[in-house]
Amino acid sequence: MSLASVATADHFVDLAGLLESCEVDGFRADFVSWGHYRPEYWRNYWHHHSFHEVCLAFSGEGRFNLGTAEYDVAAGDLFLARPGDVHEIESSHSEPLGIAFWGFTFRPVAGVSGSGWWSGLTRSEGPVLSRRLGGLPSMVAALAAEAEAPQSGYRSSITALGSALVLETARAFALDEDLEVERPARDRGSYVVEAMQRHLLDNLSRPVAVREVASAVHLSERHAERLFRQKTGASLMATLRLMRLDLAAQLLLEGSATVTEVARACGYSDVRPFSTAFRSRHGQSPTAFRAAGGTHHLASEG
Numbered sequence: 001m002s003l004a005s006v007a008t009a010d011h012f013v014d015l016a017g018l019l020e021s022c023e024v025d026g027f028r029a030d031f032v033s034w035g036h037y038r039p040e041y042w043r044n045y046w047h048h049h050s051f052h053e054v055c056l057a058f059s060g061e062g063r064f065n066l067g068t069a070e071y072d073v074a075a076g077d078l079f080l081a082r083p084g085d086v087h088e089i090e091s092s093h094s095e096p097l098g099i100a101f102w103g104f105t106f107r108p109v110a111g112v113s114g115s116g117w118w119s120g121l122t123r124s125e126g127p128v129l130s131r132r133l134g135g136l137p138s139m140v141a142a143l144a145a146e147a148e149a150p151q152s153g154y155r156s157s158i159t160a161l162g163s164a165l166v167l168e169t170a171r172a173f174a175l176d177e178d179l180e181v182e183r184p185a186r187d188r189g190s191y192v193v194e195a196m197q198r199h200l201l202d203n204l205s206r207p208v209a210v211r212e213v214a215s216a217v218h219l220s221e222r223h224a225e226r227l228f229r230q231k232t233g234a235s236l237m238a239t240l241r242l243m244r245l246d247l248a249a250q251l252l253l254e255g256s257a258t259v260t261e262v263a264r265a266c267g268y269s270d271v272r273p274f275s276t277a278f279r280s281r282h283g284q285s286p287t288a289f290r291a292a293g294g295t296h297h298l299a300s301e302g
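Residue 1 is where the sequence shown starts when you use the UniProt record's numbering, and the numbers rise one by one after that.
Worth flagging that the hints you see were computed from the coordinates, not collected in a lab. The structure displayed is predicted, hence computed values, not measured ones. It cannot be assumed that every hint is accurate.
[Claimed, not checked] Here are the simulated SDA-like cross-link-like pairs (lysine to any residue), alpha carbons at most 20 Å apart as the crow flies:
1) LYS231 - GLY189
2) LYS231 - LEU219
3) LYS231 - LEU201
With the hints as extra help, turn the sequences into a complete structure.
Spelled out as C-alpha cells, the structure:
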C-alpha cells in the first residue's frame, strides 16, 4: 500500500482510547499518542519525551532537528525520537510536510537477551532516520480504518495491528545484523503432502481423481503421485480408500445412518463393493461391525 493511503488516514488519531497497549516478543508497548498532520506549514518546537515518538512523512518536506544534528526529511522518510532526545520538527513553507505519528513506551516484560529487532528502539546510538518502511503504510491505513468504523472484533484486530506496528517500527531502525536470523528449516514437500491429505479428507464423499488432487497443489499428476508416495509410502488412491473405510467405521459406530447411507457418505455408490472393501479393511461386514461395537476390529488391531 502506498503513502497515498497514509495521507487519507486522518482517523489514525481516533485510536486514542481504543488501542492502549500490546505485547510482542517479550516486550510491552503502551501507546500514549496518535497523530496525523495534513500538509500545511507547522512547527513542533524543541522538546523531549519519556517515550518513543515516530513520524512517517507521507508528503512534502521539512527538517528534523535532533540535538546538534539536522536531518532533511521528505515523503517516505520515517524518523524517530527516543526517550530523552531533545528534538524539533519544522515543515517547509513551500512544500508543507504531512505526517502520521505514534508514540509509545517500550519495555521488556520477559527474559530477553542479546540483540534483535527490538534493538532498533533500545539501541540509543542507533539510526534515527529510515526509509525501510516495510508494511508500515498499510498498518497505519488499516488502523485508521478500524478506528473510523469499528466492527465486531475490532479490539483483537487493532491489538494485532498495534503489535505489528511496533515490530515493524523497530525493524526500520535496527541495524542489519540485528535482524539476521537463521532461515527456518522447512520441508516444502511435507506441507504439500499435508495439503493433498486435507483435500482427500474434505472430499471423501465425492468422486476423486489424481488429477484434481494434483491440481489443488499446483503439481502435475506424476509429480504429485511421486511426492505423495515418497512421503507416505502409499499412493493417493490407496490412501483415499483407507480414509473412506476408516470414516465408514466411525459413522457406523457413532450414528444411526444405514449401511447404504454410510457407503454413499464415503464415496461408494453401490453398497456391495463398499461391504467387500470394508470387510477387507476391518475384518467384518459393516452390519457385524456395528453390532459388535467395533470390538472385533479393536481386537484384531491389538
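Hints versus structure:
1. LYS231 - GLY189: holds (8 Å)
2. LYS231 - LEU219: holds (15 Å)
3. LYS231 - LEU201: holds (17 Å)
Of the numbered hints listed earlier, not one is contradicted by the structure.
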